[in-house]
Structure formats: structure tokens, C-alpha cells
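*Asks:* Listed below, chain by chain, are the residues.
2 protein chains.
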Amino acid sequence: MATKELTIGFDADDTLWHNETNFERVHERYRALLAQYHDAATVDAALLATEKRNIPLYGYGVKGFTLSAVETAIQLTDGKISAGEIQRLIELGRGMLEHPVEILDGVVDTLSLLAERHPLIVITKGDLRDQERKVEKSGLGGRFRAVEIVSEKDPAAYAAILRRHGIAAERFLMVGNSVKSDILPVLELGGAGVHIPYHITWALEHAVAPAGAEGRFFAIAKMTELPPVVAGWAARW
Amino acid sequence: MATKELTIGFDADDTLWHNETNFERVHERYRALLAQYHDAATVDAALLATEKRNIPLYGYGVKGFTLSAVETAIQLTDGKISAGEIQRLIELGRGMLEHPVEILDGVVDTLSLLAERHPLIVITKGDLRDQERKVEKSGLGGRFRAVEIVSEKDPAAYAAILRRHGIAAERFLMVGNSVKSDILPVLELGGAGVHIPYHITWALEHAVAPAGAEGRFFAIAKMTELPPVVAGWAARW
Numbered sequence: 001m002a003t004k005e006l007t008i009g010f011d012a013d014d015t016l017w018h019n020e021t022n023f024e025r026v027h028e029r030y031r032a033l034l035a036q037y038h039d040a041a042t043v044d045a046a047l048l049a050t051e052k053r054n055i056p057l058y059g060y061g062v063k064g065f066t067l068s069a070v071e072t073a074i075q076l077t078d079g080k081i082s083a084g085e086i087q088r089l090i091e092l093g094r095g096m097l098e099h100p101v102e103i104l105d106g107v108v109d110t111l112s113l114l115a116e117r118h119p120l121i122v123i124t125k126g127d128l129r130d131q132e133r134k135v136e137k138s139g140l141g142g143r144f145r146a147v148e149i150v151s152e153k154d155p156a157a158y159a160a161i162l163r164r165h166g167i168a169a170e171r172f173l174m175v176g177n178s179v180k181s182d183i184l185p186v187l188e189l190g191g192a193g194v195h196i197p198y199h200i201t202w203a204l205e206h207a208v209a210p211a212g213a214e215g216r217f218f219a220i221a222k223m224t225e226l227p228p229v230v231a232g233w234a235a236r237w
Numbered sequence: 001m002a003t004k005e006l007t008i009g010f011d012a013d014d015t016l017w018h019n020e021t022n023f024e025r026v027h028e029r030y031r032a033l034l035a036q037y038h039d040a041a042t043v044d045a046a047l048l049a050t051e052k053r054n055i056p057l058y059g060y061g062v063k064g065f066t067l068s069a070v071e072t073a074i075q076l077t078d079g080k081i082s083a084g085e086i087q088r089l090i091e092l093g094r095g096m097l098e099h100p101v102e103i104l105d106g107v108v109d110t111l112s113l114l115a116e117r118h119p120l121i122v123i124t125k126g127d128l129r130d131q132e133r134k135v136e137k138s139g140l141g142g143r144f145r146a147v148e149i150v151s152e153k154d155p156a157a158y159a160a161i162l163r164r165h166g167i168a169a170e171r172f173l174m175v176g177n178s179v180k181s182d183i184l185p186v187l188e189l190g191g192a193g194v195h196i197p198y199h200i201t202w203a204l205e206h207a208v209a210p211a212g213a214e215g216r217f218f219a220i221a222k223m224t225e226l227p228p229v230v231a232g233w234a235a236r237w
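As you go down the protein sequences, you meet chains A and B in turn. What the first sequence shows, in my numbering, is residues 1 to 237, in sequence order. What the second sequence shows, in my numbering, is residues 1 to 237, in sequence order.
In short, the hints are calculated from the structure, not lab data. Just to be clear, a hint being listed does not mean it is correct.
Same chains, same names: a pair is fine if it fits in one copy or spans any two.
[As the list claims (entries may be wrong)] The list that follows gives simulated cross-link-like pairs (lysine-lysine, DSS-like), each with its CA atoms no further than 30 Å apart:
{"id": "1", "residue 1": "K180", "residue 2": "K137"}
{"id": "2", "residue 1": "K80", "residue 2": "K222"}
{"id": "3", "residue 1": "K137", "residue 2": "K52"}
{"id": "4", "residue 1": "K80", "residue 2": "K180"}
{"id": "5", "residue 1": "K137", "residue 2": "K80"}
{"id": "6", "residue 1": "K180", "residue 2": "K222"}
{"id": "7", "residue 1": "K52", "residue 2": "K180"}
Isolated chain A (complex conformation) (with noise of 0.2 Å):
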């Protein structure tokens, strides 16, 4: 069932489009709704504490976080935040959700000169109306083959995503902009990564790159670069 075709698959939050500034906005308003209580180190790291446990019930995205903002709020002003200042981390949340998409440079135009040899997937992890609603709000749709949102990033889920469209591994190239997400778990599959960092790197997605991929892990600084990877990554076949 696996096509001879080399598929490529993107990931889409600060890879298709910002994401990590609409969060880090976020931060910039919360640390200072609790700066009367603490510094703004003591507020990053008790907030990621709190999203880190809390991950395995809520998931990825928005509403999560929004969940764990109120929580560790009430945390750290032992319970003298007022109700006002909850319903404004609320409505924060609620402005990430309707955040329009602004699409990274470059993304259209490689993404039109790849669709024209490549069957194109994204697949990212987050809230399923969320990401539905990026992928929409984006005008990207119609590039793709098929958008797949997973609660988990790891080589279970890409090897669901694989059979699923009947692609084999080695034929199959993913892009993204975190080590840990998009490239790790692809590369232990048989596939291969392209790696283009964002310039900000949510704490839980820090890893080091692959050793002992020769060949199949790339390192690019922008979007526009990725088209002679592929291409001399597809020569090979």
C-alpha cells in the first residue's frame, strides 16, 4: 500500500506560523498581573511546573494553559487574586484563541513550489478547534493532502499518521521547528527531519539535535531553504 511518492509533513505552530510570541505576549501580561507577588522568574518557573503536570490530563494548547495560568495564580497569591483578575487571565486566554494566524516569510511560496512534486501533510498537536481553526484562518488548507492534530508528538502517533496513509517511513520527510516533536520521533521511525528553529523555544520542547542520522537530519535557518533539501533528499530515490 505504500506509495512510491515522498511525502512531506509540516508541522504548524512557529513552523507554518507564529505561535510562541502570541504565548509569550501571554507571559509578558501574567507576569506582570503578579508582579506584586513575585518576580518574574519565580512566576515562569511555578507556571511551567504547573503546565508540565498538568499536560498528561489536559493535553497541548490554549485552553490547558489557560487552566494552569488560573491555577498557578491562585497558588501564588495564596488564594488573594481576585475574581476580577481570574476572568482577565480568562479573556487572555480567550485573545489566543481568536489571535489571527500570521503566516512565517516564505511559507506560502515554498509551500506552492513543493505542492507541485510532493503530496504535502501537516501534523501538529494542540486543541482540535484550535488547530482546525489556524489551519482555516491560515488559507493554507488547500495545500495539503490532510491536516492531522495528535494529542502526542511521539513515534507512536507519526506511525499511526504513516500507515494510515499508507506512506512508508523512509519516505517520508518532516518539518518543524522543534527538535524534540518534529524531528526526534520521526527519525527513530526510519524518516527524515528538517529542523528550522523559531527564534523562541517553549521550555518543553527543548532537545539536542540527532546524532547519528547522517543523511536523514537537515538544519536550515529559514523556510525558503527547505526546497534544495528536499530536492536533493528526493534524488536519492
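Guided by the hints, dock chain B onto chain A, whose structure is given.
*Replies:* Using the frame of chain A, we list chain B on its own:
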């Protein structure tokens, strides 16, 4: 690509396992928490209005429900609710996510029987991680060829699932407790539907039973009545 098999789709919440009883338990505590401010009917109406307003942004599921419950509590108390009480609401939400999965009577045997002759698929809406967790905790996953989690159960969502699995609509039968989400959209596509009411229906799922779908709409009282309905429907092919 359409197969000759007759595929059966199952809704999950309140069709395979209890769900509204879990929400109802939380609603009772919610009313009690706000009883000093408003009567139960006012609390219920305000919460439902917030949920309805937020669904386009949050989608379905426990995380969005929890955020709506916090927002409504702040509004109904004019901001007088304490941070400690809001923390209790967040814990109620977490309790829903951690709640054991209680499979409905007759489900295990009925699925085992039907799986011998038909491909079975779960089609459910809600939070991605939460729905995956419930399928896993239920131990029923192995009986299903696929688990599809969607953000809205409308004709477009069902059509996409049928297309992806190569199922012709007229050879598809959907089983669920919500006429609005499980039956009407499938009938619209030309498929068949079996309604099994649950003893509680969420206000946003109310709908009237369809007219003009002779031979494609069935209503039964419990899961164990499903196999003869399926056999009768399948006998046509």
C-alpha cells in the same frame, strides 16, 4: 474505493459509557457553591448560555466546560467569588478528567457480537486527549478499526470520515444517544441511524426525531437491542 462491507459507527459518551452523569454530579456541586447567590435554575441557565457562547471558540469537552464554569461563577457573584472557590471549580474539572470510565450495560457483549461481521468505528467529539484516554481506559479500543475524534459532528465531518475510510454513506449505520449529533447528519448523507437515548440529554443536544427517513432511522431502548436491528438492515444488501 468503497467496500461492500456494512460499517457501524458508535458515538462514545453516553452511548458506550456514562458521561452526562459525570457532568450532572459536577452541576450539583456547582449549584451548591452558588446557592447563596442564585437559585438553581438561574445558575443552570447562566452556565448553559456561557457554554453555548464559548463553544465556537473552545469546542466541546471538559476543559472548555471548566473555563465556562469559572467565567459564569465570576459573573453570577459580581466578582465576589473567592479564589479558593475558583480553585475548587478547577479541581471539579480535573476530577471529571480523572473519573473512571463506566461502560454502559450490554456494550461489551454487543460490540463483540457485531465485530464478528462488521467493521466498527468510534466517532466522538470533545477534547482530544480526554477522548483518547476514555477509549484506552474503557478497554474497548481493540474492537474498533478506528477512533475518530472530531470538533463538530456535522455532515461535513461524517463525510470526511467516510471518504477517508472508503465507506459509501448508504452502507454506513451510526449508533448514538444524540439525534442532533449522531443521527441527523448521517441521515442527511444517505446513511442510517440508530438512536439509543441516555437518561439525561445535555440541553445543547436536543433535537426532534427525523421524518422522511423510512427504513434508515431506528430507535431502540438499549444496546442489547442493536444486533437484530443491524441484521435487519444488513439483510437488504
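*Asks:* Hints numbered earlier in the text: which of these fail when held up against the supplied structure?
*Replies:* 2, 4, 5
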